[in-house]
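Undergrad: So the chains spell out like this:
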Amino acid sequence: MVEITTLHYLVVAAALFVLGVIGVLTRRNVVIVLMSIELILNAVNLNLVAFSRMWGNLHGQIFAIFIVVDAAAEAAAGLGILIAFFRNKETVNVDEIDLLKW
Amino acid sequence: MSERTDDQTNDASNRALSSADRSYLDLDTSDKTYLDSNELVINMGPQHPATHGVLRVILKLDGERVLGTECVIGYLHRGVEKIAENRTYTMFNPYVDRMDYCAAVSNGLGYCEAVEKLLNVEAPPRAKYIRVILTELQRIASHQLWLGTHALDIGAMTPLFYTFRDREEILKIFEKYCGARLTTHAFRIGGCQYETYAGFEKDVKNFLAFFAPKIDEYETLLTTNRIWLERTRNVGVISAADAIALGVTGPVLRASGVQWDLRKAQPYAAYSEFDFEIPVGTNGDTYDRYLVRMEEMRQSMRIVEQAVNAIPEGPIMGKVPKVIKPPVGEIYHSIEAPKGELGYFIVSDGSTQPYRLRVRPPSFVNLQALDIMVRGLLVADVVAVIGTIDIVLGEVDR
Amino acid sequence: MNPAMNSAFNAGMAPVATPWFFYVLAGLAVASGVAVITRRNAVHAALALIVTLLSVAGLYLMLYAPFVAGVQIIVYAGGIMVLFLFVIMLVNIERSSKERRFNRIWPVGLVAACALMALFVSAIVKGKALFPDRGMPLPESSNTQQIATLLYGEAGRMGQYTFAFEIASLLLLVAILGAVIMTKKKI
Amino acid sequence: MPNFIMSYLGSKVTPGEAGNQFWALIYVLIIFAGVAVAVLAMNWIERKALAHFQIRLGPMRVGPHGLLQPIADAVKLMLKEDIIPAEADQFVFWIAPLIGLLAAFTVYTVIPFGPSQAVSDMNIGILFMLGVSSLGVLGIVVSGWASNSHYPLIGALRSSAQMVSYEVAMGLAVVSAILMTSLNATGTGTLSMIGIVQAQQQQGVWFIFKFFPLGFLAFVIFAIAMIAETNRAPFDMAEAESELTAGYHTEYSGLRWSLFMLAEYAAMIAVSSIAVTLWLGGWMRPFPNLLHAPAWDFIFSLFPGLTFLGLAAITFVGVARMPSQSFFKIQRIGLAVFAAVLGFIALLLLVIAVAGRSADTSVAARFREGIDYVYWFVLKVAVFMYLFIWYRATWPRYRFDQLMKIGWKVMLPISLGVLIVTAIVGVIFS
Numbered sequence: 001m002v003e004i005t006t007l008h009y010l011v012v013a014a015a016l017f018v019l020g021v022i023g024v025l026t027r028r029n030v031v032i033v034l035m036s037i038e039l040i041l042n043a044v045n046l047n048l049v050a051f052s053r054m055w056g057n058l059h060g061q062i063f064a065i066f067i068v069v070d071a072a073a074e075a076a077a078g079l080g081i082l083i084a085f086f087r088n089k090e091t092v093n094v095d096e097i098d099l100l101k102w
Numbered sequence: 001m002s003e004r005t006d007d008q009t010n011d012a013s014n015r016a017l018s019s020a021d022r023s024y025l026d027l028d029t030s031d032k033t034y035l036d037s038n039e040l041v042i043n044m045g046p047q048h049p050a051t052h053g054v055l056r057v058i059l060k061l062d063g064e065r066v067l068g069t070e071c072v073i074g075y076l077h078r079g080v081e082k083i084a085e086n087r088t089y090t091m092f093n094p095y096v097d098r099m100d101y102c103a104a105v106s107n108g109l110g111y112c113e114a115v116e117k118l119l120n121v122e123a124p125p126r127a128k129y130i131r132v133i134l135t136e137l138q139r140i141a142s143h144q145l146w147l148g149t150h151a152l153d154i155g156a157m158t159p160l161f162y163t164f165r166d167r168e169e170i171l172k173i174f175e176k177y178c179g180a181r182l183t184t185h186a187f188r189i190g191g192c193q194y195e196t197y198a199g200f201e202k203d204v205k206n207f208l209a210f211f212a213p214k215i216d217e218y219e220t221l222l223t224t225n226r227i228w229l230e231r232t233r234n235v236g237v238i239s240a241a242d243a244i245a246l247g248v249t250g251p252v253l254r255a256s257g258v259q260w261d262l263r264k265a266q267p268y269a270a271y272s273e274f275d276f277e278i279p280v281g282t283n284g285d286t287y288d289r290y291l292v293r294m295e296e297m298r299q300s301m302r303i304v305e306q307a308v309n310a311i312p313e314g315p316i317m318g319k320v321p322k323v324i325k326p327p328v329g330e331i332y333h334s335i336e337a338p339k340g341e342l343g344y345f346i347v348s349d350g351s352t353q354p355y356r357l358r359v360r361p362p363s364f365v366n367l368q369a370l371d372i373m374v375r376g377l378l379v380a381d382v383v384a385v386i387g388t389i390d391i392v393l394g395e396v397d398r
Numbered sequence: 001m002n003p004a005m006n007s008a009f010n011a012g013m014a015p016v017a018t019p020w021f022f023y024v025l026a027g028l029a030v031a032s033g034v035a036v037i038t039r040r041n042a043v044h045a046a047l048a049l050i051v052t053l054l055s056v057a058g059l060y061l062m063l064y065a066p067f068v069a070g071v072q073i074i075v076y077a078g079g080i081m082v083l084f085l086f087v088i089m090l091v092n093i094e095r096s097s098k099e100r101r102f103n104r105i106w107p108v109g110l111v112a113a114c115a116l117m118a119l120f121v122s123a124i125v126k127g128k129a130l131f132p133d134r135g136m137p138l139p140e141s142s143n144t145q146q147i148a149t150l151l152y153g154e155a156g157r158m159g160q161y162t163f164a165f166e167i168a169s170l171l172l173l174v175a176i177l178g179a180v181i182m183t184k185k186k187i
Numbered sequence: 001m002p003n004f005i006m007s008y009l010g011s012k013v014t015p016g017e018a019g020n021q022f023w024a025l026i027y028v029l030i031i032f033a034g035v036a037v038a039v040l041a042m043n044w045i046e047r048k049a050l051a052h053f054q055i056r057l058g059p060m061r062v063g064p065h066g067l068l069q070p071i072a073d074a075v076k077l078m079l080k081e082d083i084i085p086a087e088a089d090q091f092v093f094w095i096a097p098l099i100g101l102l103a104a105f106t107v108y109t110v111i112p113f114g115p116s117q118a119v120s121d122m123n124i125g126i127l128f129m130l131g132v133s134s135l136g137v138l139g140i141v142v143s144g145w146a147s148n149s150h151y152p153l154i155g156a157l158r159s160s161a162q163m164v165s166y167e168v169a170m171g172l173a174v175v176s177a178i179l180m181t182s183l184n185a186t187g188t189g190t191l192s193m194i195g196i197v198q199a200q201q202q203q204g205v206w207f208i209f210k211f212f213p214l215g216f217l218a219f220v221i222f223a224i225a226m227i228a229e230t231n232r233a234p235f236d237m238a239e240a241e242s243e244l245t246a247g248y249h250t251e252y253s254g255l256r257w258s259l260f261m262l263a264e265y266a267a268m269i270a271v272s273s274i275a276v277t278l279w280l281g282g283w284m285r286p287f288p289n290l291l292h293a294p295a296w297d298f299i300f301s302l303f304p305g306l307t308f309l310g311l312a313a314i315t316f317v318g319v320a321r322m323p324s325q326s327f328f329k330i331q332r333i334g335l336a337v338f339a340a341v342l343g344f345i346a347l348l349l350l351v352i353a354v355a356g357r358s359a360d361t362s363v364a365a366r367f368r369e370g371i372d373y374v375y376w377f378v379l380k381v382a383v384f385m386y387l388f389i390w391y392r393a394t395w396p397r398y399r400f401d402q403l404m405k406i407g408w409k410v411m412l413p414i415s416l417g418v419l420i421v422t423a424i425v426g427v428i429f430s
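Read top to bottom, the protein sequences are chains V, E, G and Y. Sequential numbering of the first sequence, starting at 1, is according to our numbering. Sequential numbering of the second sequence, starting at 1, is according to our numbering. Sequential numbering of the third sequence, starting at 1, is according to our numbering. Sequential numbering of the fourth sequence, starting at 1, is according to our numbering.
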């Protein structure tokens, strides 16, 4: 088998990123949209860690940890908004969230 | 205190419930400004480990908070009151044991005394003493059963086995006295069927000596247990006014601070001759009900001790005609069963069978307080409160 | 753990399994990634996402980043995904599971995503030469310690990322407060 | 190939470090079998101990003193009809118990039963353990959801909220123990499980006694959080039988239900192992530094054999006390055989202890060492297992809001305070 190089990881990360983008752009369920965002963040993380290995220093991994922190904050805030929204409109579909005020 | 009739009781409970918030039954859905996402309707029972039989409680929950309850009863309905209309007074006696099967002796006492009152006969003093001893032992046994199951509902497994170990001693005395352990049919109209067996008094005294430290043992497990305190204090609070309005009796009423015990208020059997106290609580919460019942066990032991030391000699059966044919009339007689006021209302048309027999079971009336007690609490508290009311479904459904 | 043992670990264990493990993990990650965006049922999607996250954690391990892998498992799989499942159960999804999965503009979204993919493909194909074939060896045994040094500094000096770390904790605090305020019914 | 296999026997590192996949696999299999047996034994002991707390006898019929009861239970559960509710989510319902089981068993790969008696020594050992054991909650949450029933759903919601809140206090308690590992000569701490125990050895103190009462407080916080983490009484909200019938596994039956039980007990052993490793000196025997002479080594290495000898003696007393009616004949013989097996194991252990007492590199010496380490580790874990049973027999169940209140308002502040004070004290003393 071929040696696994940085490029391999970049391909996987790109695939995950595109999948995430497709999810964000096409799905209606907000929960799944949020999950797709997690997918995108993970793709980015994978790239960062792969580059960290390529350059032989740890800055990429540090960045990845910060992105995990960011993802946690995003999930907490996003799901909070979702629950508050569901209480008021009883829907979790993005295309029904089309009023600025109700 | 004059005898309360059923109508009065119902009136009181209707007032209480109309003042309470019953809007959960027809939930107002027109208000769209705030939709509750978590509302959940749960069927607790009729097959549920903590509803003490076949009680079904429909819970309306917000998350785990109880918005309202509705009790559905009747799964154990056997038509006891209707059966009474087709049996002679003597033949009906064993049926009452099957109502509150955890306190069969008390049921029998209430029925026999009601019929005696109707017949205008009186049991001889020795029979009355035997009745008091057995009934108070039964009260202890009933409270033991309550304590074990109540603690089990709250999650403490061990007290159940301790109380059953000690309840066994009481049941042994019953078995030796009348041959049955649970549905004893111990008393007859006009007195007792059986003379005490040889060594009865010794057995009872042995039991008293055996049981005194056991109550302390229960208390070491629970009374100061931190988790027990947190689970029972300020849980299922019912105020004295609410309790009276709903017709609640027994330890549940006394825990709310009302000193009302039929043994003192309208003494029956030989209770006027004994010295005992009526424990009362202050907060009306689950913990107070626990304390009241624990103290009641101690007071029952006091009564039994006095009775067994002063038991008079003499006949055990009063002058009762061979065929029991009470005069036309009606009677309401109630006693203090372990769970509260147990009343019998008998209408006689002069024949050998009652024209109508109505039972006022304590569990049935006390169960009405469930809704007020659990509203705003959590699911876990519903279980604790059902346990603390101490219901027996055989008595609720009859 | 001393360095000699560690090199034994790297030399003995890692190279044998590397290509095979990589393909399995990468395949799992992408396949369950597809499941995340196609499953109708949100719980199924969440489970698929967990598989993706765990396989990405495995890829981190292969990249000599054990600490990031551990954080990934604890924070993502153990924390964030439980939160997701919790919310999915709170909001009633019975209705949404019978509805359309995709929104009305899904062709546009798909086209945009395809364009992005084309961009990636061209970038990877053209820029292939930019990436060296082999990764630099990273010391695995002291990975955590080195990350700690970068984050917190050592011997009284502030680390390179200490300030960013504090900012990140502030961000988390704000997120917690925001989530609590938004979800609380009555404050 | 035999060379490859044999070469490991003399080495003093874990198979993972030695890169020896064969022995890693063997270790995994041994641990798997050991945990399965431990769960069966734990099942029997729990029923017996609980029964004696409650003035009952417990299982007495299947085998002498019910010794074969767990096996009978296992067979019954396997033969039972496996019901999947019609409205359940079939796939998720099917996979949920496996998630819990997988999480519970994966943890064992990094548990150090001895300095080389572990599958692998990961650099992030404790992080890995906490992470993987927290995955177990996913199985519970998902099973509650997939059952499509109200009680399991409430159980699942309770358990997810409970685990997320207690994990925080647990993690902070663990961090304060990890801080203590850095207080040695080199000044660097470690997350490796083996490294943590070695740090305790170097510092000459179990972390439970370090900076008294700081280490003890952290230990208590962890000990409470681990009960909540494994859903045991008095924190068994998720399966509170008097409230939620059986909680998240209400709809489960047969083999799948038994997998949940297996996962629960395996998780109990796993978290106890974490506690033992972090605070109670892991595999170390009492006073390894103080009583260091080879004579002491020899004396302590007799303990495993003597323990089994004691068990055998107790069992023989049991044989003698059995009623003499012919009805009990088979049970008597069975118990005698069991006692003989225990005695044989004791003899074997004593022989190994004597044979390996002096030589340092021989296989016997290595065996003796290994048995020593595993013995002390298992003994410490067993104490925790007994505590789990004791708690269950003694305490009522907390209510859910009280549980959350304790988690967030009591345990979290205390563990944070302990962490901060530990850091300050550590800086002052180092």
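Possibly wrong hints are sitting among the right ones.
Straight-line Cα separation of at most 30 Å, DSSO-like style, residue types lysine-lysine; simulated pairs [said to hold, decoys possible]:
| # | chain 1 | residue 1 | chain 2 | residue 2 |
| --- | --- | --- | --- | --- |
| 1 | E | Lys60 | Y | Lys48 |
| 2 | Y | Lys405 | E | Lys60 |
| 3 | E | Lys264 | E | Lys214 |
| 4 | Y | Lys405 | G | Lys184 |
| 5 | E | Lys176 | E | Lys202 |
| 6 | Y | Lys405 | E | Lys214 |
Computed from the model, here is a short list of chain E residues facing chain Y with C-beta under 10 Å [unchecked claim]:
| # | residue |
| --- | --- |
| 7 | Cys71 |
| 8 | Thr158 |
| 9 | Leu378 |
Derived from the structure by calculation, the hints contain no laboratory data. In this text, a Cβ means the ideal position worked out from N, Cα and C, and glycines have one as well.
Undergrad: Determine which of the earlier numbered hints do not hold for this structure and return their numbers in increasing order.
TA: Hints 1, 6, 7 are the ones this structure does not satisfy, whereas the remaining hints hold.
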